[in-house]
Amino acid sequence: MERSEIIHRLRSIMARTATTQHDWERVGETDTIASLGIDSLAMLDFVYDIQQEFAVQFEAHELVGVSTVGQLATFLDARTTA
Amino acid sequence: MNERRRVVVTGIGLLSALGGDDERMVERLFAGDSGVGRLRSLDAAKFKSQNAAELAPDVLPTALAALGLRATDRTTDMALVVAGQALVAAGLLQAGPAAPAAPGSLAETTAVVFGTGNGPSHALQESWDAYAQKGGRLLRPTTVPRCMANAVSSMASIQFGLRGGNYVVVSSCSSSTVAIGTGYRSVLHGYADRVLCGGSESMFTDALYSSWDNLGVMSKHQEPTRASRPFDVDRDGFVLGEGAGALLLESLDAAKARGATIRAEVLGFGESSDGTHITRPSKEGQAKAMLQALRSAGLPPGAIDFVNAHGTGTKANDATEAEAIAMVFGSAGAEPWVASSKPFFGHLLGAAGVVETIACIRQLELGRLHGNPNLERPDPACTVRLCGRTATTQPVRIAMKNSFGFGGGNATLILGRYEA
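Chains as they are written, first to last, in the working numbering: chain H, 248 to 329; chain S, 1431 to 1850.
Don't read these hints as lab results, they were simulated from the structure.
All C-beta atoms in this analysis are idealised placements derived from N, C-alpha and C, irrespective of residue type, glycine included.
Errors might be hidden in some of the hints.
Said to hold, decoys possible - For lysine to aspartate or glutamate, the following DMTMM-like pairs were computed, each having C-alpha atoms within a straight-line distance of at most 20 Å: (1) S:Lys1650 / S:Asp1666; (2) S:Lys1564 / H:Asp292; (3) S:Lys1564 / H:Asp296; (4) S:Lys1745 / S:Asp1666.
What the hints assert, rightly or not - From chain H, some residues computed to sit far from chain S (all C-beta separations above 10 Å): (5) Ala265; (6) Glu276; (7) Thr277; (8) Asp278; (9) Phe305.
As the list claims (entries may be wrong) - Computed Cβ-Cβ distance ranges for the label pairs, DEER-style: (10) H:Glu309 / S:Ala1746: 55 to 63 Å; (11) H:Ser287 / S:Pro1491: 21 to 29 Å; (12) S:Glu1457 / H:Thr279: 46 to 54 Å; (13) S:Pro1491 / H:Thr279: 23 to 31 Å; (14) S:Ala1562 / H:Thr279: 35 to 43 Å; (15) S:Lys1564 / H:Gly275: 29 to 37 Å; (16) S:Ser1641 / H:Ala307: 36 to 44 Å; (17) H:Ala262 / S:Asp1664: 45 to 53 Å; (18) S:Gly1534 / H:Thr321: 37 to 45 Å; (19) S:Lys1476 / H:Ser314: 28 to 36 Å; (20) S:Asp1473 / H:Gly275: 41 to 49 Å; (21) H:Glu309 / S:Lys1564: 20 to 28 Å.
Take the sequences, apply the hints, and build the full model.
Okay, here's the thing in structure tokens:
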């Protein structure tokens, strides 16, 4: 999957799950997930929706060290191409 | 807490089949313009009863966007919207996206009490569907907070930072009337300075609509706008509706102190339980709730100008309610006008009471009664003074609002035009 497509899909999921509003089209690789209104409860839905959208399975603790949108895209890119 | 304070309404929020606010609602109410149509959100052809009073498609998304909120569950979303509307109308919140919490000292003493018959019905349906399709392992991890009944009040408390307490009342079709009555008592006796109370309901999911359809209590009339016909001899059941309403109740002193606009006064509340049957109504239980409300208000039956009936349009309810009204008022020689708002809004179940209470407040403010639009042939067994089919100007000051639920829970409010 193209990296731009991964970012596009992540923006769509974040728009559904974040607790705060943002101009999602302007959200980029360097934005931190925490700064986008994904609190601990929203993170549960966020992870669930990512797993459904990208048809991958992983545990939340595997995301330790993933803090930005770009790092998450890299993580998913590795999982979906594995 | 033995004090007794006057309790007034300083904010109103409303979403109904008549529109996204109470101004649009009142225009349509007095024009005799029903919100009932053919069921749109589900495949109507599958059901015996195919009429519904649904929100127009754009109303809820537009209202959510105006407050900067995202959708979670239809019932909870509607509750959040009307809560925000009522707080804005009361001057406790600035309008606009990402609405901030109400000011600190006010938020600390403002409670939230909402009524709902079934809670977050759409989230529940989605969860059942997901469970059936994928099994429990793949259920959404936030299923519990989405589906718990008190999400309806909790989300309003969280969104607007209201910290005076929050819970949900569940008593079927009297739920939001009991919520208002509970809020009234809290302010009356000084347990809270303000209570944001109301109700929200949407049962337009396949499983729930089928459940009501199979119970055989909904009208099968072929013309949607004529289907809900309370007190008419040809009535054949109710039309399911959806929506939500909220009232900001406040002590008169607190309202005056902050210069709030006062819309109406809550004068009394009564409740009873039939203790007889899960669905069959009891005239004794209903009359008891009305008498308790009059006693609470310290008013004789003759003080009531009009009764906004529960008036579902089922054979059993309307005959029983008419008898109960006659029992309460007849012996006192009083004959208030009687009408039901359900031909306009449909039956909103747990949210019916608050939406119809808002209709009462507007009728008191404007000195105009909306009438019984489908009362083509009044049932001779209903020996009460029924309003005619069109709106009329009446010098009304005090209203009684009845709500009676499956399970036998009866609730009655007394509302007055505010007089200093």
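Going through the hints against the structure:
no.: 1; hint: S:Lys1650 / S:Asp1666; in the structure: 7 Å, holds
no.: 2; hint: S:Lys1564 / H:Asp292; in the structure: 16 Å, holds
no.: 3; hint: S:Lys1564 / H:Asp296; in the structure: 14 Å, holds
no.: 4; hint: S:Lys1745 / S:Asp1666; in the structure: 7 Å, holds
no.: 5; hint: Ala265; in the structure: 8 Å, violated
no.: 6; hint: Glu276; in the structure: 23 Å, holds
no.: 7; hint: Thr277; in the structure: 23 Å, holds
no.: 8; hint: Asp278; in the structure: 18 Å, holds
no.: 9; hint: Phe305; in the structure: 14 Å, holds
no.: 10; hint: H:Glu309 / S:Ala1746: 55 to 63 Å; in the structure: 59 Å, holds
no.: 11; hint: H:Ser287 / S:Pro1491: 21 to 29 Å; in the structure: 27 Å, holds
no.: 12; hint: S:Glu1457 / H:Thr279: 46 to 54 Å; in the structure: 49 Å, holds
no.: 13; hint: S:Pro1491 / H:Thr279: 23 to 31 Å; in the structure: 29 Å, holds
no.: 14; hint: S:Ala1562 / H:Thr279: 35 to 43 Å; in the structure: 38 Å, holds
no.: 15; hint: S:Lys1564 / H:Gly275: 29 to 37 Å; in the structure: 33 Å, holds
no.: 16; hint: S:Ser1641 / H:Ala307: 36 to 44 Å; in the structure: 37 Å, holds
no.: 17; hint: H:Ala262 / S:Asp1664: 45 to 53 Å; in the structure: 50 Å, holds
no.: 18; hint: S:Gly1534 / H:Thr321: 37 to 45 Å; in the structure: 43 Å, holds
no.: 19; hint: S:Lys1476 / H:Ser314: 28 to 36 Å; in the structure: 49 Å, violated
no.: 20; hint: S:Asp1473 / H:Gly275: 41 to 49 Å; in the structure: 43 Å, holds
no.: 21; hint: H:Glu309 / S:Lys1564: 20 to 28 Å; in the structure: 21 Å, holds
Consistency note: the structure conflicts with the earlier hints numbered 5, 19.
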